[in-house]
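Residues per chain are reported as follows:
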Amino acid sequence: MVASPPAAVVVSEVRKVFPPADNVITDSTAGTVALGGINLSVSAGEFVSLVGPSGCGKSTLLRIIAGLDTVSAGAVTVNGLAVNGVHTDIGFVFQDPNLFPWLTVRQNVAFGPAMRGGARHARAADIDELIRRVGLGAFADALPHHLSGGMAQRVALARALVNRPPVLLLDEPLGALDAFTRMAMQDELRDLTRRHDTTTLLVTHDIDEALYLSDRVIIFSPRPGRIQEEMVIGSGFTRARNAPGFVERRLRILETLHFAPHEAGLPEAADNWKI
Amino acid sequence: MNANPVILNAAPLLAAGGALAVHRYWPDAVPLSLSPAFPWLLGAAAAAWLVWLAAAIFSARLRRRAADLAPLFAAALVGVSVWQILTGKTGLLPMPFFPGPDRVFAVFGATGEIGLLVVGTLHSLRLLAVGFLCGSGAGFLLGVWIGWNRRAHYWGMPVLKFFGPIPATAWIPLALVLFPTTFGASAFIIGLASLFPMIVLTASGIASARHSHLEVARTLGASQRQLICHVAIPSALPSIFVGLFMALSASFLTLIVAEMIGVKAGLGFYITWAQNFAEYYKVFAALLVMGVFFSGLMSALFAVRARVLRWQQGVIKW
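Protein chains in written order, with the working numbering: chain A, 2 to 276; chain B, 4 to 321.
Careful: at least some of the hints might be erroneous.
Stated by the list, open to error - Distance windows between CB atoms, simulated: (1) B:Arg154 <-> A:Asp198: 51 to 61 Å; (2) A:Gly56 <-> B:Gly299: 53 to 63 Å; (3) A:Asn85 <-> B:Trp314: 47 to 57 Å; (4) A:Asn85 <-> B:Ala155: 21 to 31 Å; (5) B:Met301 <-> A:Asp188: 49 to 59 Å; (6) B:Asp71 <-> A:Arg191: 50 to 60 Å; (7) A:Asp192 <-> B:Lys164: 49 to 59 Å; (8) A:Ala76 <-> B:Arg154: 56 to 66 Å.
Just so you know, the hints here were simulated from the structure itself, not pulled from any lab data. Think of the CB as a built atom: it goes at the ideal place given N, C-alpha and C, for glycine as much as any other residue.
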């Protein structure tokens with residue numbers, strides 16, 4: 002793939018087979034094949050989105066990279082080290098904010114550093130700064146049940162970023178938000194990841210979101226999940242939701258996913274229909 | 004309450020006055036207690052209410068609280084008066100088993116008797132503290148272990164299911180053999196009574212800690228030990244407090260049974276001892292002390308719970 006910057010995440014020949022739900026003794030092929038041989042290399046600082054039909058294993062791939070799930074075959078390395086169980090080179094944001102309800106916003110964000118026993122006073126300023134940056138300065142001492150969905154997800158993002166992980170894994174983090182909050186959060190997400198050159202993998206169902214945020218969009222096939230197509234989005238790409246290039250790319254992704262008939266989006270096809 | 008505020012605030016005073024009038028002017032069917040404790044107590048209740056009302060002039064919070072409590076306070080005084088009518092004034096309830104409030108409250112006026120009650124309460128408190136703290140502490144640790152560790156769950160649950168439902172008091176014969184002193188045996192029985200509810204509720208709270216919370220904590224670098232202390236135990240706290248509540252109730256019951264059977268001190272012992280002399284007014288006095296003592300401990304537990312589970316406010320009520 003891209004040769005110049007070092008690869009932050011390398012996924013090679015990863016297969017994942019879930020055992021059948023019943024504890025019947027069968028050979029492994031009887032289980033559900035979630036991932037059928039994935040090869041993917043993500044450069045340091047790159048923003049990559051994974052899109053595809055639900056159940057295609059993109060979340061599973063993210064969990065494998067985080068070490069929350071194991072591979073059935075193949076290997077994953079993060080920053081050159083083989084992934085073998087949960088490791089701390091990643092930050093993970095789930096679809097649900099999953100804030101600890103017994104901790105305040107500040108304590109939630111400080112959870113990672115507290116677990117690692119870092120010098121508390123040195124970190125306190127960092128933590129407050131991060132809370133301010135996600136726009137929750139006034140809510141640092143609030144408890145999670147006082148927050149709206151969008152605010153809670155921003156706390157979750159700050160909590161994942163506080164350890165300055167080189168790799169950020171986002172599993173549909175904005176999926177549960179309303180459209181306006183989602184667009185505002187997309188901008189915040191882009192700022193935050195650019196600022197620290199964080200390598201980011203985003204699983205999303207929202208094609209616009211993928212195009213708007215990513216350097217590269219990976220399109221998965223239905224189960225068993227395989228990489229069906231990759232779309233590199235150049236740096237010259239206008240990141241505006243109404244730019245012509247944007248709309249054209251969205252159509253191409255929809256076609257790949259079989260959600261748009263081949264003819265409808267193309268000018269020649271429209272001409273043919275007229276004649 | 005939609006009553007006229009003046010009548011509402013005056014109600015406890017009227018009730019106290021009524022009770023005093025009943026005490027003084029209603030002829031007795033059964034001879035009255037000679038101790039002046041009861042009228043003094045009614046007077047003290049009325050005076051305390053007046054002090055509250057005076058303070059409420061300056062504080063809106065006290066005013067609201069007074070309006071809230073006035074009907075209850077008045078009803079309690081009326082209840083005491085009805086009690087006196089049913090016993091001493093008409094003799095409807097047979098003596099000496101149902102002494103009137105004048106007799107019962109006279110116990111608190113007698114210096115020797117109040118001393119015995121205070122000492123008894125302290126003895127009960129000591130036995131309860133040793134038994135309950137050891138039992139619920141051990142129950143908490145075992146509950147965390149069984150709730151977290153699969154193997155501990157596998158081996159522990161059948162034992163719990165088998166021995167848990169046996170009432171702690173059924174172990175008394177065995178406890179008396181195992182321990183050289185009745186204090187030790189009683190503390191053991193009280194501990195046993197608090198042990199099982201604590202294990203079961205702690206374990207179920209730990210086991211139902213949200214998987215996603217544990218995963219988040221793992222990605223943030225929490226070790227196994229930190230997962231238990233910083234995620235599993237905090238999320239189990241609501242359930243742990245239910246366990247503490249049940250353990251405390253069970254240990255009250257066991258405490259009194261132990262004191263009535265073997266221990267030679269404490270409120271339970273005082274009750275049996277008074278009963279042997281047919282001094283039922285002392286039995287009632289001890290019951291009143293027990294009510295204050297036990298409900299005080301329960302309120303203390305609830306206050307701790309309200310503080311610790313502040314994050315949960317509005318989620319669960321009890």
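Do the hints match the structure? See the list:
no., hint, verdict
1, B:Arg154 <-> A:Asp198: 51 to 61 Å, "violated, 45 Å"
2, A:Gly56 <-> B:Gly299: 53 to 63 Å, "holds, 58 Å"
3, A:Asn85 <-> B:Trp314: 47 to 57 Å, "violated, 35 Å"
4, A:Asn85 <-> B:Ala155: 21 to 31 Å, "holds, 27 Å"
5, B:Met301 <-> A:Asp188: 49 to 59 Å, "holds, 53 Å"
6, B:Asp71 <-> A:Arg191: 50 to 60 Å, "holds, 55 Å"
7, A:Asp192 <-> B:Lys164: 49 to 59 Å, "holds, 56 Å"
8, A:Ala76 <-> B:Arg154: 56 to 66 Å, "violated, 31 Å"
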